[in-house]
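Chemist: Here's the letter readout for the chains.
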Amino acid sequence: MTAYARMVRPGLADCLLWGAAALFILIPLASFLIFGFFSVVSNSIDYRPTLANFDELLSNSSYRTTFFRTMRMAFLVSATNLVLGYATAYFIWQRPPAWRNLMVIALAIPLLMSYIIKIYAMRGVLGTNGLLNSATMALGIIDEPVSALLFNLTAVRITLSVVLLPFMVLPIYVALERIPASVLHAASDLGASEIQIFARVVLPLSLPGGIVGAMFTFVLASGDFLAPELVGGIEGFTYGRLIFSQFGLAFNWPLGAALSIVLMIVALGVIYAARRFGNPRWQR
Amino acid sequence: MFRSREFLLAAATVMLASGHAWAQEVRLFSFEGYAEPVWVDPFEAATGCKVSVAYTGSVDEMFARMVGSDGADFDLVSIDTSIIQRYLDAGLIIPFDMSKVPNTSNLLPSFAEVDEVMSGGETYGVPIAWGSLGLIYDKEAFPDGVDSWEALWDPGNAGRVLALDDANNNVTNAAIILGLDDPFNLSDADFESVKQKLIEQKQFLISYYAGFEEGVNIWDSSEATLMFSMGEFQAVELADRGYDVVYSIPKEGGIGWLDTWALSKGVQDSDCTHKWVDHYLNGETGPTMTELNGYGNTTDESPELNYADSLVWLQPVENFDRRVQVWNEVKAAQ
Chain A
140 MTAYARMVRP GLADCLLWGA AALFILIPLA SFLIFGFFSV VSNSIDYRPT LANFDELLSN
200 SSYRTTFFRT MRMAFLVSAT NLVLGYATAY FIWQRPPAWR NLMVIALAIP LLMSYIIKIY
260 AMRGVLGTNG LLNSATMALG IIDEPVSALL FNLTAVRITL SVVLLPFMVL PIYVALERIP
320 ASVLHAASDL GASEIQIFAR VVLPLSLPGG IVGAMFTFVL ASGDFLAPEL VGGIEGFTYG
380 RLIFSQFGLA FNWPLGAALS IVLMIVALGV IYAARRFGNP RWQR
Chain B
3 MFRSREFLLA AATVMLASGH AWAQEVRLFS FEGYAEPVWV DPFEAATGCK VSVAYTGSVD
63 EMFARMVGSD GADFDLVSID TSIIQRYLDA GLIIPFDMSK VPNTSNLLPS FAEVDEVMSG
123 GETYGVPIAW GSLGLIYDKE AFPDGVDSWE ALWDPGNAGR VLALDDANNN VTNAAIILGL
183 DDPFNLSDAD FESVKQKLIE QKQFLISYYA GFEEGVNIWD SSEATLMFSM GEFQAVELAD
243 RGYDVVYSIP KEGGIGWLDT WALSKGVQDS DCTHKWVDHY LNGETGPTMT ELNGYGNTTD
303 ESPELNYADS LVWLQPVENF DRRVQVWNEV KAAQ
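Line by line, the protein sequences are chains A and B.
Residues 140 to 423 (the numbering used here) make up the first sequence, in order.
Residues 3 to 336 (the numbering used here) make up the second sequence, in order.
The hints are simulated quantities; they were obtained by calculation from the structure and are not laboratory data.
A few of these clues could be false.
[Claimed, not checked] With a Cα cut of at most 20 Å, we get these calculated SDA-like pairs of lysine to any residue:
id: 1; chain 1: B; residue 1: K277; chain 2: B; residue 2: P39
id: 2; chain 1: B; residue 1: K141; chain 2: B; residue 2: P252
id: 3; chain 1: B; residue 1: K199; chain 2: B; residue 2: L182
id: 4; chain 1: B; residue 1: K204; chain 2: A; residue 2: N182
id: 5; chain 1: A; residue 1: K257; chain 2: A; residue 2: N240
id: 6; chain 1: B; residue 1: K204; chain 2: A; residue 2: E374
id: 7; chain 1: B; residue 1: K204; chain 2: A; residue 2: S201
id: 8; chain 1: B; residue 1: K204; chain 2: B; residue 2: K141
id: 9; chain 1: B; residue 1: K197; chain 2: A; residue 2: E374
id: 10; chain 1: B; residue 1: K197; chain 2: B; residue 2: L182
id: 11; chain 1: B; residue 1: K267; chain 2: A; residue 2: S181
id: 12; chain 1: B; residue 1: K197; chain 2: A; residue 2: E195
id: 13; chain 1: B; residue 1: K267; chain 2: B; residue 2: P39
id: 14; chain 1: B; residue 1: K197; chain 2: A; residue 2: R203
id: 15; chain 1: B; residue 1: K267; chain 2: A; residue 2: E195
[Claimed, not checked] Computed spacing ranges between beta-carbons, pair by pair:
id: 16; chain 1: B; residue 1: P157; chain 2: A; residue 2: V313; range: 49 to 57 Å
id: 17; chain 1: B; residue 1: P305; chain 2: A; residue 2: I280; range: 47 to 55 Å
id: 18; chain 1: A; residue 1: G279; chain 2: B; residue 2: E303; range: 56 to 64 Å
Glycine included, every Cβ here is placed at the ideal spot set by N, Cα and C.
Next up, chain A with everything else stripped away, as it sits in the complex (with noise of 0.2 Å):
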């Protein structure tokens, strides 16, 4: 059957895709932004509509404040990333290919654990009677325990950035193995050094990988509240948090789910300027 057909007459499996993709992420996410529009009234919804929540975002300054210091921080942490996972990808590509594929794989296996566990681990590292800490005293470094590790926004900051970098090197890498190797031996045949082929060649075929990780960086960082709650101390009152307990200790449903439009708006220009940008049109 060729494509053309599949599209004219849709099969059961398409239906059934489709079916799921409406029944278990269009529809609960649409209900759940039609619940910014309602308000709480004594412990129950009032299913009236009503821009009070907005009003309520917009003239209370504190969401102001949290909101941007949670996008400082996620741009941040995006940016220490991109450099951290460029490095990283770039040293993995370098290596021959038998050893490649055993370091991506090393890369990714954090993936599959549990993200609490990796934050809990994270703690264990920069508590003040943590590995960090041991590790450079013995080293002779420093002569007592730094306790300005943990329990702040710098901790938030070394936390996501380590749970995050698999999300950032392996789309540079795999940009990095599109490379034909035939384009790297023409620019070197053309008596381009070593750094012009990394300048002019490498860097800009591999760049929108590194787009792709900053988006999935800033967006996941951004909407994240289990890390700056676990590690964040009193400066870790981040949006996500915000979120969170509208949510889960406030019971103010509305004013959650209209927080995180304001989220998802911001998550989505991210994305759409990382299609932009991400995929240049000479390299289409």
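Starting from the structure of chain A, add chain B where the hints point.
Modeler: Relative to chain A, chain B alone:
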């Protein structure tokens, strides 16, 4: 064909598993320390009812989860007497059949007739434990002891203080520390001073924590020496980990609470659930709990807890949602 059959099968299994509670089970939603193997195991052996427990991090979380599922996820919740009315108003709890809880005859006189658990002649809460939200301090760091909550606002203790993440308890405790007339009925001006007091504290805090275990874990991985505690059990847990700590009620007073089992409207095995409540009052469970976890029990005197008179017992508050809102503003403040 996309393995649609396997997919449907898997989906059906998930739906069955999530919607179905096993027969003969009591599903508890509570604070830590109310379901220890020492008294759960004999109960399960004697009745054939399985006990499963989910722990909550805060009073706020408990209520939000109960409202969110309309009570369907749990049979019993451990809620303190001040909040029973809030659960009643939200229609989340139903009365006990007291003929199935004969052991209430074992309740001490001061717990046998508690007004807050009654409504319309029915019993909505069975008192099981009492305690406080005291101050924990490290004996080594404070050899002369700590007698005031102001230690948690002392710049000299910056970076060594933990406080719990719970709206109502923070607002109430701050009101007690400020010496406000009625910590449960705050005026607008009171709210403002409570909020400022709590924001002022933030510069000295390591972190807020939610849940007994979480507080102890943070103590363990930081340089904490002072803690606004969730209850006696935390001092027990810290001592178990080798910390020399003191649990105390400072001179300003502290929050006192009386926890009850309350029956969720989503209760599934009512028989087992009533048996569990009765088991709690059999005269053995209570004292064992006091010995093991440090809470006062309701069937025997608890001489270890000698500070009942300096406690401010939790009462229903003027506006719970407003307290949650204020607490969020405190947490979001720079």
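Chemist: Compare the structure with each hint and give your call.
Modeler: We went through each hint and held it up to the structure:
1. B:K277 - B:P39: Holds. K277 (chain B) to P39 (chain B) sits at ~16 Å (cutoff 20 Å).
2. B:K141 - B:P252: 15 Å, holds
3. B:K199 - B:L182: Status holds; Cα separation ~12 Å.
4. B:K204 - A:N182: Not OK: K204 (chain B) and N182 (chain A) at ~30 Å, beyond 20 Å, violated.
5. A:K257 - A:N240: Between K257 (chain A) and N240 (chain A) the Cα gap is close to 23 Å, so the pair fails against 20 Å, i.e. violated.
6. B:K204 - A:E374: 9 Å, holds
7. B:K204 - A:S201: Given that 20 Å is the threshold and the Cα spacing comes to 15 Å, the pair holds.
8. B:K204 - B:K141: 23 Å, violated
9. B:K197 - A:E374: This hinted pair holds, its Cα atoms lying about 17 Å apart.
10. B:K197 - B:L182: Judged against 20 Å, a Cα distance of about 13 Å means the pair holds.
11. B:K267 - A:S181: 19 Å, holds
12. B:K197 - A:E195: Judged against 20 Å, a Cα distance of about 19 Å means the pair holds.
13. B:K267 - B:P39: 26 Å, violated
14. B:K197 - A:R203: Judged against 20 Å, a Cα distance of about 19 Å means the pair holds.
15. B:K267 - A:E195: Violated - the C-alpha atoms of E195 (chain A) and K267 (chain B) are around 33 Å apart, more than 20 Å.
16. B:P157 - A:V313: 49 to 57 Å: 52 Å, holds
17. B:P305 - A:I280: 47 to 55 Å: Cβ of P305 (chain B) to Cβ of I280 (chain A): about 52 Å, so the range 47 to 55 Å holds.
18. A:G279 - B:E303: 56 to 64 Å: 57 Å, holds
Violated hints, listed in ascending order, are 4, 5, 8, 13 and 15; each of the other numbered hints is respected by the structure.
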